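Enquirer: Each chain, letter by letter, is given below.
There are 2 protein chains.
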Amino acid sequence: MRRGFAVGEYRTRLRAAQADMAQAGLGAILLTTEPEIRYFTGFLTRFWESPSRPWFLVLPAAGDPVAVIPSIGAALMARSWVRDIRTWAAPDPDDDGVSLLADTLREIGGPVGVPSGPESHLRMPLAEFERVKRASGLAFRDDAGIVADLRAVKSEAEIAKIAHICGIAGRAFDRVTEIAQPGVPLSAVFRDFHRLLLEKGADWVPYIAGGAGPLGYADVISPADDTPLAAGDILMLDTGAVWDGYFCDYDRNFAIGRVTAEQTAAHAQLIEATAAGEEAARTGATARDVWQAMARITGSDETSGRLGHGLGMQLTEGLSLTAKDHTILKPGMVITLEPGVELAPGRLMVHEENIVIREGRAQRLSRFATAPLPVI
Amino acid sequence: MRRGFAVGEYRTRLRAAQADMAQAGLGAILLTTEPEIRYFTGFLTRFWESPSRPWFLVLPAAGDPVAVIPSIGAALMARSWVRDIRTWAAPDPDDDGVSLLADTLREIGGPVGVPSGPESHLRMPLAEFERVKRASGLAFRDDAGIVADLRAVKSEAEIAKIAHICGIAGRAFDRVTEIAQPGVPLSAVFRDFHRLLLEKGADWVPYIAGGAGPLGYADVISPADDTPLAAGDILMLDTGAVWDGYFCDYDRNFAIGRVTAEQTAAHAQLIEATAAGEEAARTGATARDVWQAMARITGSDETSGRLGHGLGMQLTEGLSLTAKDHTILKPGMVITLEPGVELAPGRLMVHEENIVIREGRAQRLSRFATAPLPVI
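Sequences listed follow chains C and H, in order. Going letter by letter, the first sequence gives residues 40 to 415 in our numbering. Going letter by letter, the second sequence gives residues 40 to 415 in our numbering.
Hints are computed from structural coordinates only; laboratory data are not their basis. Remember, predicted model here, so these are calculated numbers, not experimental data. Worth double-checking, as some hints may not be accurate.
A few chain H residues that don't get close to chain C, going by computed Cβ distances all over 12 Å [to be verified]: (1) E48; (2) R214; (3) D242; (4) Y246; (5) S261; (6) Q402.
Selected chain C positions facing chain H (Cβ under 8 Å, derived; list incomplete) [unchecked claim]: (7) P90; (8) D133; (9) S159.
Glycine included, each C-beta is placed from N, C-alpha and C at the ideal position.
Let's have the full structure, built from the sequences with the hints guiding it.
Expert: What follows is the structure in C-alpha cells.
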C-alpha cells in the first residue's frame, strides 16, 4: 500500500474548496489544525504533539496554497506539493508568525474564512488571532463549513488507507485470545493489545479504550486500571489505530472463561442492531435514519448518546448517528456503527464496526463480528 | 509509583489560581483543553483524541471548580475530586453545551479569564464561543497567564512522575542495540522502539521522532521512512513517552557499524554543551542564560531555533531556551536541554536531556549520556 497521495488528489481537493469559496464569496481560507493542513498538503508529522508553535496554511481563491510555518517544518513541508513556503524562527515571543501571516493574507486578499463550525477549533492563541485580524485589515468569518464538508466524503485512495488500518486492527483482535486470560490486569491487556497493533503494522495508536466486568463496563473512555480479568467478565477492547494518517475505530467483545445467557443475548442484540444500521446506511438516507434503525433494536432513546460517527483523518469526525443529525449520506462517507445496550444501571455493552457509504449497500471496512460471543 | 494525586494537591493548585485571580480581578477562569482541565481535576482519558465534543471547567474566584461536560464523561469525572458536574448529551447540533456553560458562568460571575497567551488555544468552535459570550452577558478577557505560570512550576509529585517516565525511556534506550543494525529500515526501528517503551512501562507514546545518515539527519520532525540503516550512519531516536499523563522528552544518538572522527567530535561537543546548559540552569538565571551557555559551545545563533524547553503534562510547554526568552528559572521548573550542531548544510545532530531546576544545581531526571558515541 502506497503512502501519501498523488499530487492530483491534492489539486482536486483544492479545486473543490475553491469552487465552494467562490460560491461563499471568500478570498481565502485560513487553516491552523493538523488534519485541515494535512488534508490540503500531506504534511504528516507527530510534531503537532508540541503546542509551542502555530502553523498556518492559506488557501487562496485561485492558485496554489501558501504555507506559513515555523522554520523547523520547512524541510518536511518542502517534500509536499506546496511550493510557496514562508517560514519564521518560532517560537518568537515578539512576533510569532503574526506579521508574516498578516502580510500573506493581505497579499492574497479577503474575506478570510476560518473553520468555526462543529468540531472545529482555532489552533493558535486567541490574543495572536486578534493581532492577525488587526494587522491584515481584512474581514474574517466562518469558512461556511467548506473544509468539513469536503473532508466528509473520502476519495478511493483515502478509503483504501482506512480499509488497510481496519485490516491491521482485525489481525490484532484475532490475537487477543493470547493476551487476555483470567487474572491478567486490564492495564496489561491494553498494553499488549497496543503492542499487537504495532506488530501487525499500525504506525501509531492514539486511542485504546475498553472495559471489563460481568455486566459489561461502566464507561468506554476511562484508562485501564490494574484490576485483573475474572472468569465471567465481558472484556471490550476499542481502538483508534493509525496507518499513514488514517484511523480505524472499532471494537470487539470477549467473554472471559465462561459466558452467561444474558451476555450472549446482549451481544446478539448488538450484532443485530449493527446489521440494521448497515442495511439503513445507504446513499440518500440520513444519519438519523441509521440511528433509528439501530435504536429500534437496542431500545436507545434520544438521551442515550450517539450510535456512530464519521471517521477518517480523525478518530471521530463529521456526522453523528443521533436523532438530531439530519446529514444526508453520500457515497464515500466513512462511518462507524456503534450500538450500545445497558445490562444493568450504569453498565454497558457496546459494539462497533466501520463501513463506507456506496451507491446501494454500504461496503464493510472492518471484518464484521458475528453473533456468538467469543469465549477466551 | 502511585497514579493520580492526593486531593490536597488539586486544592493547592486551585488556591494558587484563586490568589492570582483576585490580583487580576477575575471572577472566573474558563478552561477548554486537556492539560488545563486535567491540571485542576485529574481527569485523564485518551478520549480527547475525538474532537466531536467540547469540555469545560470553570474555576470560580472562591469555592470549588465546576465541570460542564458531555454526559459520556460523567462517570470518569465523578471519580475525580470535582463534585459539581453538569452534563449534557453531546454532540447536540442545537445547543452543544452553550446554554449550560453560559448559565454556569452567569451563576459564578465574571469577568471570565480565558487562557490566550503563548501556546494556548481555545478547544471549542469559534462560533460557539461567541454564543457563550453573548448568552452569559459577561466580560471575557485573557487569564493573565495564570494557568500557564502555575503549570510551569511542578510539585514534587509531578516531578516524580516525570522522573519515572524518564527512567522507563532510559531502559528502552538501553535496548536499542537489539533493534538497530545495518539493513534494518528506519521505520522498523521506530516501531520496535515504540514496543520497547511499552514493554518497559510507558502508558502510551505520543511522540517518536528521529533520523539517520552519515552526517546526521535532515530534520527532527519527519516520520520514519523505509530507508535501511547503513554502516556509517548516525541514528537518533527521540521520544515523548507518557506515564500517568506526564512526559519525558529526550533522545539518544548511536553510530551504526563504525564511527568517524567527525561524528565523535560532534557528539562530544553536544555533551559538552549539555553540561554547560546544566551548569547554567540555576534558580534565578534566565532561559536566555541557559541558551547562551550552550550556544557558545555549539556556535548557535539567534536563528538556530531553541535549545530546549519546558516539559510536563505536554511534550513541550512553557519557556523556550532562546535568545529572546527572559523567563526566570524557579525551583520545580522541568526543562529539556537540547543543543544541536550542523555537520553539513542541512544535516543536523542533536542531543537532549531532562532536568528539574532546584535551589543550587539542577537535578537530572534523565540519566545523562556520556561523550563517547555508542557504536552498534
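Enquirer: Each hint needs a verdict: does it hold in this structure or not?
Expert: A quick look at each hint next to the structure:
1. E48: holds, 19 Å
2. R214: holds, 14 Å
3. D242: violated, 7 Å
4. Y246: violated, 5 Å
5. S261: With a cut-off of 12 Å, S261 (chain H) comes too close to chain C, as the shortest Cβ separation is near 5 Å.
6. Q402: Answer for Q402 (chain H): holds, closest chain C Cβ roughly 24 Å.
7. P90: At about 5 Å, which falls below the 8 Å cut-off, the nearest Cβ of chain H leaves the hint on P90 (chain C) intact, so it holds.
8. D133: holds, 6 Å
9. S159: S159 (chain C) check passes; min Cβ-Cβ to chain H is 5 Å, inside 8 Å.
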